[in-house]
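Q: Spelled out, the chains give:
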Amino acid sequence: MKKFQLGEFEEIVMLITGVLYNEAYGVSIKKAIEEKLSRSVSMGALHTALGRLEAKGYVKSHEGERTEERAGRPKKYFQVTNLGKKAMEYNRDTRNELWNAIPKTAFGLKYNSSL
Amino acid sequence: MKRSTAPPGIFQRFFCWFCRPKLRDAIEGDLLELYQERVRLKGKRRADLLFIIDVLLLLRPGIIRSVNPPTFPHQNNYAMLKNHFKSGWRRLIRNKGYAAINICGLAIGMTVAIFIGLWIYDELSYNHYHKNHETIAQLWSGETDPNTAAVNGGYSMQYPVAGVLRQDYPQYFKRVLLSGWIGSNTLATENNKFNRTGLFIEPGVAEMLSLKMLEGSYHSLNDPNSIILSLSTAIALYGNGDAINKTIRIDNKVDAKVTGVYQDIPRNNRFSEVQFFSPFALQIQYRPSIRERVSDWDNRAFNVYVQLQPGVSSDAASAVLKELYIKNVPPDLKKNVEKYKSFVQAVPMDTWWLYSEFIAGKPATGRIVFVWLFGIIGIFVLLLACINFINLSTARSEKRAREVGVRKALGSGKSQLVMQFLSESYLVVFLGFLVSAALVFFLTGWFNRLADKDVSLPITQPLFWLMALAFILFTGLAAGLYPAFILSSFQPVKVLKGVLKTGRLAALPRRVLVAVQFTVSVLLILGTVVVYRQIMFARDRPAGFDKSNLITISTRDPAYKEKQDIIKEELLRTGVVASMSSSNVPLTFISNVTGGYDWRGRKPGFDAEFHSVKITNDFGKTFGWQFVAGRDFSTDFARDTTDAVVINEAAAKYMGMKEPVGEKLIDIDGETGAVKKTWTIIGVIKDMVIGSPYDPAMQTIFYYNNGSPGQFHIRLNPDAGPARAVAAIQSVFEKIVPSALFQYKFVDEQYAAKFSQEMRIGKLAAIFAILSIFISCLGLSGLASYIAGQRSREIAIRKVLGASVPRLWHMLSADFMITVFVSCLIALPAGYLLMNNWLQKFQYRTAIPLWLLVTTALMAMLITLLTVSFQSVKAAMLNPVKSLRAE
Numbered sequence: 003m004k005k006f007q008l009g010e011f012e013e014i015v016m017l018i019t020g021v022l023y024n025e026a027y028g029v030s031i032k033k034a035i036e037e038k039l040s041r042s043v044s045m046g047a048l049h050t051a052l053g054r055l056e057a058k059g060y061v062k063s064h065e066g067e068r069t070e071e072r073a074g075r076p077k078k079y080f081q082v083t084n085l086g087k088k089a090m091e092y093n094r095d096t097r098n099e100l101w102n103a104i105p106k107t108a109f110g111l112k113y114n115s116s117l
Numbered sequence: 020m021k022r023s024t025a026p027p028g029i030f031q032r033f034f035c036w037f038c039r040p041k042l043r044d045a046i047e048g049d050l051l052e053l054y055q056e057r058v059r060l061k062g063k064r065r066a067d068l069l070f071i072i073d074v075l076l077l078l079r080p081g082i083i084r085s086v087n088p089p090t091f092p093h094q095n096n097y098a099m100l101k102n103h104f105k106s107g108w109r110r111l112i113r114n115k116g117y118a119a120i121n122i123c124g125l126a127i128g129m130t131v132a133i134f135i136g137l138w139i140y141d142e143l144s145y146n147h148y149h150k151n152h153e154t155i156a157q158l159w160s161g162e163t164d165p166n167t168a169a170v171n172g173g174y175s176m177q178y179p180v181a182g183v184l185r186q187d188y189p190q191y192f193k194r195v196l197l198s199g200w201i202g203s204n205t206l207a208t209e210n211n212k213f214n215r216t217g218l219f220i221e222p223g224v225a226e227m228l229s230l231k232m233l234e235g236s237y238h239s240l241n242d243p244n245s246i247i248l249s250l251s252t253a254i255a256l257y258g259n260g261d262a263i264n265k266t267i268r269i270d271n272k273v274d275a276k277v278t279g280v281y282q283d284i285p286r287n288n289r290f291s292e293v294q295f296f297s298p299f300a301l302q303i304q305y306r307p308s309i310r311e312r313v314s315d316w317d318n319r320a321f322n323v324y325v326q327l328q329p330g331v332s333s334d335a336a337s338a339v340l341k342e343l344y345i346k347n348v349p350p351d352l353k354k355n356v357e358k359y360k361s362f363v364q365a366v367p368m369d370t371w372w373l374y375s376e377f378i379a380g381k382p383a384t385g386r387i388v389f390v391w392l393f394g395i396i397g398i399f400v401l402l403l404a405c406i407n408f409i410n411l412s413t414a415r416s417e418k419r420a421r422e423v424g425v426r427k428a429l430g431s432g433k434s435q436l437v438m439q440f441l442s443e444s445y446l447v448v449f450l451g452f453l454v455s456a457a458l459v460f461f462l463t464g465w466f467n468r469l470a471d472k473d474v475s476l477p478i479t480q481p482l483f484w485l486m487a488l489a490f491i492l493f494t495g496l497a498a499g500l501y502p503a504f505i506l507s508s509f510q511p512v513k514v515l516k517g518v519l520k521t522g523r524l525a526a527l528p529r530r531v532l533v534a535v536q537f538t539v540s541v542l543l544i545l546g547t548v549v550v551y552r553q554i555m556f557a558r559d560r561p562a563g564f565d566k567s568n569l570i571t572i573s574t575r576d577p578a579y580k581e582k583q584d585i586i587k588e589e590l591l592r593t594g595v596v597a598s599m600s601s602s603n604v605p606l607t608f609i610s611n612v613t614g615g616y617d618w619r620g621r622k623p624g625f626d627a628e629f630h631s632v633k634i635t636n637d638f639g640k641t642f643g644w645q646f647v648a649g650r651d652f653s654t655d656f657a658r659d660t661t662d663a664v665v666i667n668e669a670a671a672k673y674m675g676m677k678e679p680v681g682e683k684l685i686d687i688d689g690e691t692g693a694v695k696k697t698w699t700i701i702g703v704i705k706d707m708v709i710g711s712p713y714d715p716a717m718q719t720i721f722y723y724n725n726g727s728p729g730q731f732h733i734r735l736n737p738d739a740g741p742a743r744a745v746a747a748i749q750s751v752f753e754k755i756v757p758s759a760l761f762q763y764k765f766v767d768e769q770y771a772a773k774f775s776q777e778m779r780i781g782k783l784a785a786i787f788a789i790l791s792i793f794i795s796c797l798g799l800s801g802l803a804s805y806i807a808g809q810r811s812r813e814i815a816i817r818k819v820l821g822a823s824v825p826r827l828w829h830m831l832s833a834d835f836m837i838t839v840f841v842s843c844l845i846a847l848p849a850g851y852l853l854m855n856n857w858l859q860k861f862q863y864r865t866a867i868p869l870w871l872l873v874t875t876a877l878m879a880m881l882i883t884l885l886t887v888s889f890q891s892v893k894a895a896m897l898n899p900v901k902s903l904r905a906e
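Line by line, the protein sequences are chains A and B.
Per my numbering, residue 3 is the first one in the first sequence, and the count goes up by one each step.
Per my numbering, residue 20 is the first one in the second sequence, and the count goes up by one each step.
None of these hints come from the bench; they were simulated from the model.
Here the structure is a predicted model, which is why all the values come from computation and not from measurement.
A couple of the hints might just be wrong.
[Unchecked claim] Lysine-lysine pairs mimicking DSSO-like chemistry, simulated, CA-CA at most 27 angstroms apart: (1) LYS672/B / LYS580/B; (2) LYS33/A / LYS754/B; (3) LYS683/B / LYS272/B; (4) LYS358/B / LYS695/B; (5) LYS87/A / LYS41/B; (6) LYS696/B / LYS38/A; (7) LYS5/A / LYS87/A; (8) LYS41/B / LYS62/A.
[Stated by the list, open to error] Part of the chain A face toward chain B, derived, beta carbon under 7 angstroms: (9) GLU25; (10) VAL43; (11) SER44; (12) GLY46; (13) HIS49; (14) ALA57; (15) LYS58; (16) ALA73; (17) ARG75; (18) PRO76; (19) GLN81.
Beta carbons are placed, not taken as given, at the ideal position from N, Cα and C, and that holds for glycine.
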């Protein structure tokens, strides 16, 4: 049974939210993902993921400033919570464990045979 | 900053509309920020496009708001609903007449719908008693007439077919059972004799039909001299049903031991008439001639039932069977198979009943037509009842308008008012359902007798209750939805001020609905009348012989052999019998069609076929033949018994003979064309109705042959009285052939049975038609009384000013009359086209005369006039002082 439910895209969103720290809101997260991972993200996918993460308690949000280019709509800033941090760590640890568990020969042999 | 760069407004608004309020501001802000940036970098057009794509991609479950955001979430509506029902109930009590009309109309409509539903369910579940009904099929062989390209065929198969199927196609057929025909046999125990319907079929039938064995097992028929009985037969034969291991003599020829008893097969199954099963081997024992057919590919006298392997469709099996003949028949028959394109197909059990009629060699139509017909009638009758409710509710809207205004002013939303009116309609529908359930309960017996069915409300099945619930929900919605929306859409300011849309336009939807009601009713009535006329037309068709006082007796029992002359002599001596004769086949259906004939003037290549009947002396006298030309068989002419033939008018026409008497009819060998026998035509009789009374008479030849009398025909002395005559005849039969069971049938009763099916359908349709017009009139009467009441002050003032009663009557009735007249204008041409189309399928058919259409219209108008006048005259006669003082 999974201790923490965290999908691949959700994990990326959380990582980026962490990277951006105090500057993580919709547009900035979207741009960062597109820049760093060179994949396009739709607004819908992003906000759905953020909504889910907030519901799980992995991120929290607060309203920010209202700028003119946003026609007076407030920014919604996101922050990783402690629970969210644990979930990310858990994810990373399980990955690492699995990486370590791979026998050295597994990839080595394959590499040899293809030669 | 100048805001000339705004995103496409409609998409922005669309987003704001569908987005959850909580997320809206933040996401909209993000969208706008992105948009501004894109305008700067990529230009407005591209930014617009990306904006639109973004908005569309936002259409996903996490973002879209719920359909109806509750103003007060988690509100408890219980008290409000309770209040709706309570106030609805009080309103019904206050307006008893109006409530009665609504509830009665709906109850009648629902009762009709329930009965039709039960009828359809019964029809659709025909043969479903057998667990394997989906895989059971019967073989059917057909051939194409090279002259006309018509495909003819039937269920009779050749003996060797079953063996070939078993041997060569086991991957298609799990079970192949050769059998005889379902027929009547005499079962004799030590003390008693009974006539019972049975089927001789190869073992395995009990398992194939999943019979419920009360005694014995599925292997009980493995012994050739065995018989299994239905429970009711076992009880009839042995009283207590203790039949096992008893010996029964079948048809006075062979003995069989009872090895099993099964639960009677319920009525809506093909095999329900079968009261016993016996092995086919037993039939071979007592009819040794069957042995000659074991490898005869030319004689079709058997039935073959098959059970398909799991996963094999009947179409797949039929595709394989198409080649059966060409692969297996001996070389001398190959030419015929090729010429007639003979083929075999497997007709699945599920089509036996509903698709019993074949078109182009495929089961295409049959009872399914009536299933559709009644289904449509049921929906229409229910619809008529719903229209009553709709009309009466909207007509009374003025009374409710103030209430709606006050409720709205006090803060009711439209949806709450819709709720209220819907719950009122559900109250009425539910009461209607209770009444109709009671009606169905009490009328089931009557309906079963009328429809010749065995239906009942399946109250033990949960599915039935679900259906009933769905039925109530549907009817409630159909009846209540429109009034609910009309009533709840009144604007409070207007209705409270007293301004309500009235006049001609407001009543238009109502008039349209009344027109729909009468269109449907007139259609149903016209249809019923035409069906009746067609049945009567066929029934009054000259039968070509005298049906009354004629009885017929089957003589399958071998004890009758050689006894015909003695019986005849004795019968004539009793004085109750006018004459007696016999024929080889019964004359109530066409059973013996033969080919291979030639005559002077036959077109080459014309393969003639005749229904041929072997008869004995006095046949013409017994049946009351009417001669068009020539004479009857006579003992004065010796050659009459050897080479004379009497034909019917249809045969004369068929052969194209103007003066048939004296012409020769030559019996030739179909293969070689060699002359086998030459008949001389001595007489032509008027056509006798032997087959379907809706078909033209089949060309028939009668010739003398006393070798194989299969059927005695006895003309009773009309003075004797049938009861006394039958008793006297019975005593003669019991004296001369004591071993045989005396069983007789009156020919006129058998003749009437040809119409029973149609009569039954016609009667049902007539009842539904009458009920539909009754429901329509009920609604009309309610509407008329309401409108008269509404205009009571107007009527009073008109009266004071000198209007006469007839004038007022005219004023109140004219609107309705015009509406009904319009619906007649729609219904009659449509009905004429429909029914004319229906009549085309009968060869022998009546026409639809103009006066019938006119009479139907006049009847509809008259009924309307009576219904409306009752109310309008009452209103017009009222004392003006009373109605003026009322307020």
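Q: Each of the hints needs a verdict: does it hold here or not?
A: Hints, one by one, checked against the model:
1. Using a Cα cut-off of 27 angstroms, the hinted pair LYS672/B and LYS580/B is violated, with the two alpha carbons roughly 37 angstroms apart.
2. A hinted pair counts as satisfied when its Cα atoms are at most 27 angstroms apart, and LYS33/A with LYS754/B does not qualify at roughly 112 angstroms.
3. Straight-line distance between C-alpha atoms of LYS683/B and LYS272/B comes to about 42 angstroms, which puts the hinted pair past the 27 angstroms bound.
4. Between the alpha carbons of LYS358/B and LYS695/B the distance comes to roughly 23 angstroms, so the proposed pair stays at or under 27 angstroms and holds.
5. The hinted pair formed by LYS87/A and LYS41/B meets the criterion: a straight-line CA distance of about 25 angstroms does not exceed 27 angstroms.
6. Taking the CA atoms of LYS696/B and LYS38/A, the gap is near 105 angstroms; set against the 27 angstroms cutoff, the hint is violated.
7. Simply put, LYS5/A and LYS87/A have alpha-carbon atoms about 13 angstroms apart, close enough for the 27 angstroms limit, and the pair holds.
8. Under the criterion of a C-alpha separation no larger than 27 angstroms, the hint pairing LYS41/B with LYS62/A is consistent with the structure, at around 14 angstroms.
9. Among the interface hints, the one on GLU25/A is violated; its C-beta lies about 13 angstroms from the nearest C-beta in chain B, farther than the 7 angstroms criterion.
10. Residue-level restraint check for VAL43/A is violated (minimum Cβ-Cβ distance to chain B is 10 angstroms; threshold 7 angstroms).
11. Using the Cβ-Cβ criterion of 7 angstroms, the hint placing SER44/A at the interface with chain B is satisfied: the shortest such distance is roughly 4 angstroms.
12. Restraint check, GLY46/A versus chain B: the minimum CB separation of about 4 angstroms is within 7 angstroms; hint holds.
13. Given the 7 angstroms rule on beta carbons, the hint for HIS49/A holds: about 6 angstroms separates it from the nearest Cβ of chain B.
14. Interface hint at ALA57/A: violated, since its Cβ lies 9 angstroms from the closest Cβ of chain B, which is beyond the 7 angstroms cut-off.
15. The closest approach between the C-beta of LYS58/A and any C-beta of chain B is roughly 13 angstroms, which is over the 7 angstroms cut-off, so the hint fails.
16. Given the 7 angstroms rule on beta carbons, the hint for ALA73/A holds: about 5 angstroms separates it from the nearest Cβ of chain B.
17. Against a cut-off of 7 angstroms between C-beta atoms, the interface hint on ARG75/A holds, since the closest Cβ of chain B lies about 3 angstroms away.
18. Interface restraint check for PRO76/A: the shortest CB-CB distance to chain B comes to about 6 angstroms, inside 7 angstroms, so the restraint holds.
19. Interface restraint check: GLN81/A against chain B, minimum CB-CB distance 14 angstroms, threshold 7 angstroms, status violated.
Hints 1, 2, 3, 6, 9, 10, 14, 15 and 19 from the list above are not met by this structure, while the remaining hints are.
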